[in-house]
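So you can see what is in the structure, the chains are spelled out below.
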Amino acid sequence: MRKFQTGNHAVAEAVRLCRTQMVAAYPITPQTPIYERLSEWEATGELGGVMMRTESEHSAMAACLAASLAGVRTFTATSSQGLALMHEMLHFASGCRAPVVMVNVNRTLAGPWAFWSDQTDSLAQRDTGWIQIYCENNQEALDSVIQAFRIAEKVLLPCMVVIEGHFISHFMEPVEVPEQGLVDRFLPPVDIPRRFDPDKPGYAVPTVTQKQFMEYRRLGQEAMEYALEVVEEVDREFVEVFGRGYGLIEAEGIDGADLVLVTTATVTSTARVALARLREKGYRIGLLKIRVFRPFPARVLRDVLDRVSRIAVIERNISLGREGIFCSELKAALINSPFPHQVQGYVAGIGGSNVDPELIERVVMDALERKEATDGPIWMAEGE
Amino acid sequence: MEAQEIMRPEEVMRSGHSACPGCGVAMGMRMVLRALGRPAVVVVVPSCSAVISGPFPYATLDVPMFHSAFEIAAPTAAGISRALEIQGRGDIPVLAFAGDGGTFDIGLQSLSGAADRNENFIYVCLDNEAYMNTGIQVSSATPRFAWTGTSPRGNTRRKKQIMEIMAAHRIPYAATASIGFPEDLAAKVQKAREIRGTRFIHLLSPCPTGWKTAEHLSPRVARAAVETNVFPLYEILDGIHYTLNYQSRGLPVETYLGLQGRFKHLGAEELRAIQHETDRAWEELRRRSEKQTC
Ligand code: SF4
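Those sequence lines, one after another, are chains X and G. Count along the first sequence from 1, then add 1; that gives the number in my numbering. Count along the second sequence from 1, then add 2; that gives the number in my numbering.
If we strip away everything but chain G, and leave its shape as in the complex, we get (with noise of 0.2 Å):
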């Protein structure tokens, strides 16, 4: 048999980061621009994207880059995407990373008003489910009863359903992701890139400090989040159309959960909630994307 050359993805991101030791926002950043591709300009935001871009005068992206501020991704985005436009140059696409602060919190606004005027961008919510850049302190993406250095006894408030807030703007295009799943990352990466108008990835980014895993650990710990349907992995088209990517194998959410630190405190009374209200997402969640399919 003639040996097969196997051809690799070209690296947008060099080697080299500054991001803490099995990051799953550094990884998720190098699947999402390698799937992307060049040529592209990236805006990142105060985050953990932003110090894994580099201090001056080194530059881990080799794309244009911009650092913005925190609240403004999306405006950001926008703006360079508009002037990329009048200057027929339009053909090249504009990303944003922002974490979840930056998305869930802050920037919620701003990224509201361009996903309504349909701003043309790929906007990537690199979701660590807490302000991992600054310590580790609670966000409304983190999850429920997790610890934090805010939330010292547990977050007591849900993860707000950012998804479903995307979805209300009618936006093209809406979908989950996880560093687990490369293959369905990249693929989402370049249908969002066939699409103009406001394209949303929440991309699941573990982050081993924040969360308290192993090093070695972060895909495992995304995948399990996927295959106890805690994070399932859908599309939204047009913010009507609903399809479910993966089915999951439905393993209990202690699967996920028992890998972190954050969540060691938990009884059985918050697992058995923490069960309960992932399940009802999840049947919520077939439903529609059946209702979508038949």
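Next up, chain X with everything else stripped away, as it sits in the complex (with noise of 0.2 Å):
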């Protein structure tokens, strides 16, 4: 069914399909239409889950990492400040293997105080083990929840469902909402491994030797390197049953391109009105749009920009002291490659600042002019 609805909304829709059975959460804008759109359906009896009204994030992660290892699917929602309280959990949530579903509202982290979108909170959780997907569209977000279970209980790791405070959360797009048939078809009951069975005793998470904490983190990244594969595998069977899909990243006229931008999230549908209208105007410009960022596709994002000699990164935070964090880890996966690739990092659209065509058509032509690259970003603002 078509609906016209928000970003936020559109989530919901995903978590009350997935046959979700706890759901702990706490308010914090803009994520909160999303709790309450959940809360309304347990009231009706829609939601066919329970809610847990946490005193506060931190809590809301416990829970569900809790739950998730007692065998129940559990999902929950944050932002922002809630996000950077959960980190422990976070950690905690991987290192157990627990497949909780996230989703996480990009805004600003304080101080200075603001409520737009901005995704350092997001990135700043890089080092924590969970699948990170990043959003275009409302659409997007409502699959991306959906493929989200599928994945985390594959490969048993936690998996955060990334989208734009206001442009995705709050802005209204028509979506296909899925028939609840064809998302039972897509994912089965919850089946993972329940470690608190009375008849079979065992010890969750002990203390542990220096070796034997290698140990797990080494099977905790190549969980990671194995769901890469899953991601793409999901996003196959996705593309059968509902008719589309959006892979680990999405590129389109690289070939002979002069130079590729790179984008993510809603900048990325932007970039595909500025660029349309730069070809017209006759340059030779392709588009890549990076989804998953951990684990980080680096070996497809090789394949597709092996040959290409200028590339340009386009971004919505930055790592102070550094540059885009998205620059950063393309730079990293392309310095072993044999060809000579002049990467440019343009900082721009944070705090929720505006990014419009023009702007992007700013950045490509910065980006064609530069004689070298430099080593830090380049910030691009609105109007300027």
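FYI, nobody ran anything at the bench for these hints, they're computed from the structure. For clarity, every value in this text was computed on a predicted model and none was experimentally measured. Careful: at least some of the hints might be erroneous.
Computed footprint of chain G on chain X, listed as stretches where at least three residues anywhere in the stretch have a Cβ under 8 Å from a Cβ of chain G [to be verified]:
1) 88-98
2) 158-171
3) 201-212
4) 236-248
5) 315-323
For glycine and all other residues, C-beta sits at the position ideal for the given N, C-alpha and C.
Got two chains here, separate frames each, mind docking them using the hints?
Shown next, in the form of structure tokens:
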């Protein structure tokens, strides 16, 4: 059924369709409509699962991961400060191999206070061992949540679906809400290990030695590498059932391109408009959207970008003292390529400031004219 | 006369735990688990109880157990409890062990949240009155004037009144207990098992290392805490109905304090202050419990 709805409500639809058994959450802007919609459905009986209204995000994640280890399907949603507060428990969830699914609505981290879209909150959780998927629009948000449960439960790693505050969370778009039967076909009833089986008493998360700890981390790394395959496989199956898919990355117009613009999330849609205009003017510009950030699809990116000499990365985040985080990661992925790449990073849209097609055109023209890349971000803002 | 067969309760805690000799926390855990029985799911958080439970591959407790993060014993137990309920196994009790630091201090917010929602678990605070697992540092459960590594001149604060805080949540059951009174402790655990909702047991668990007492004295020190009214045994139902479980001998506080090295620097004035506060609190408790019975 096609519905005109916000990204937050699309996420809530997905959580309901996935027959999520337990949701634990705490309110935070701009995530709250997810929490409210799920509560509404719990009240009417449409949710099918239980809501746990915790006193903090830290406790919400603690409860989700504990319930997940007990063998139930769990979900939570958060943003910004709430995600930062959860940080400790994010490590715990991945270290325990608990397949919790979470939606993070990107929002600035204080201080100063602001409430707009900024990817630094989720990217700062890069090293917590969570799978991270960045969505371009409301449809992708809904679909990615459904995929996330399949991926997380197969790999036994937690999965974070990331949507941008306001641009996705609050803007309305037509969204195809799938039939329950289709989702059931794609996502079977939960079947994950039950760690607290009284008939088989075991000990979850004991204290270990140095060597054992290293082994745990190595297994976690292997799981992440395996997750790359699983994300692709799950996406292929998703296409079969629902007729649409997203992949690890999306690339268009790469062959013979003089420059490839690398984007993430909603900036991608704007870039599609800008690049179409530039192509009409005769510029050969490719577009590459990175959808999955952890595990980082380095091999796939290399395959696509192998013979591209100029790359511009535009993104709505910054690691202070370095540059945009996607840019750093991409450079690292390309460093062993025999082909020389010129990769220039652009930081734009920080704090939710607007990225319009003109700004993207300016980024492209700047990158095309540059003789060499600067090792640090170039700041770009609308109307400058 | 026919010889009577003595029935020993089934042990849930195995021998070979890694506590210091004479540890009151280890004794407390053993008594609680024995009274609770099987099946059960146990949560521990960083504390001596986590060390006692054993490093991999050893497991001192013969029930499923989860060693979670410091400040979240309560929501972790709640998460497991909700999950078991969803799976139709809501009859399996979930029990959380946390120390005084994990309860009075860093874990208070999440414990309050869970108690407010009346989450279904038994929470046992193993109170040894300081952060013993990291050495001996002051916590908000440390008694006034007590020496610790971070209160070298004696703690200046009063012990936080955790029972009053828990009662203020109007949870169905809260009780104090002592390893010096094993039958009372067992009865309270069994009573708690029959109730649904948040149940809280404040268990005084002497620590020979941190209290500077002889290894064989933990039960005796624990008894002295009760007999001097420093740690009375009582229950609170629904946050308002108080019951005193034991009429103490009302011995002077020195009987308790004198057994421990952490109070050895105390002068007459400090002893008087402790006696005064102990008497006041005891009177208050008696008044509350009498009000309930008449
Ligand atoms: S430090 Fe104290 S509480 Fe901890 S194990 Fe040793 S005696 Fe027990």
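Checked hints:
A stretch counts as covered by a chain when three or more of its residues have a beta carbon under 8 Å from one of that chain; for the stretch 88-98 of chain X and chain G the count is 3, and the coverage holds. Given a C-beta distance limit of less than 8 Å, the hint that chain G covers the stretch 158-171 of chain X is violated, as 0 residues qualify and 3 are needed. Check on the stretch 201-212 of chain X: 10 of its residues sit with their Cβ under 8 Å from a Cβ of chain G, so the three-residue criterion for coverage holds. With 0 residues having a beta carbon nearer than 8 Å to a beta carbon of chain G, the stretch 236-248 of chain X misses the requirement of three or more and the stated coverage is violated.
As drawn, the stretch 315-323 of chain X meets chain G at 0 residues by the rule of a beta-carbon pair under 8 Å; below three, the given contact is violated.
Comparing the model with each earlier hint shows violations of hints 2, 4, 5; every other hint is respected.
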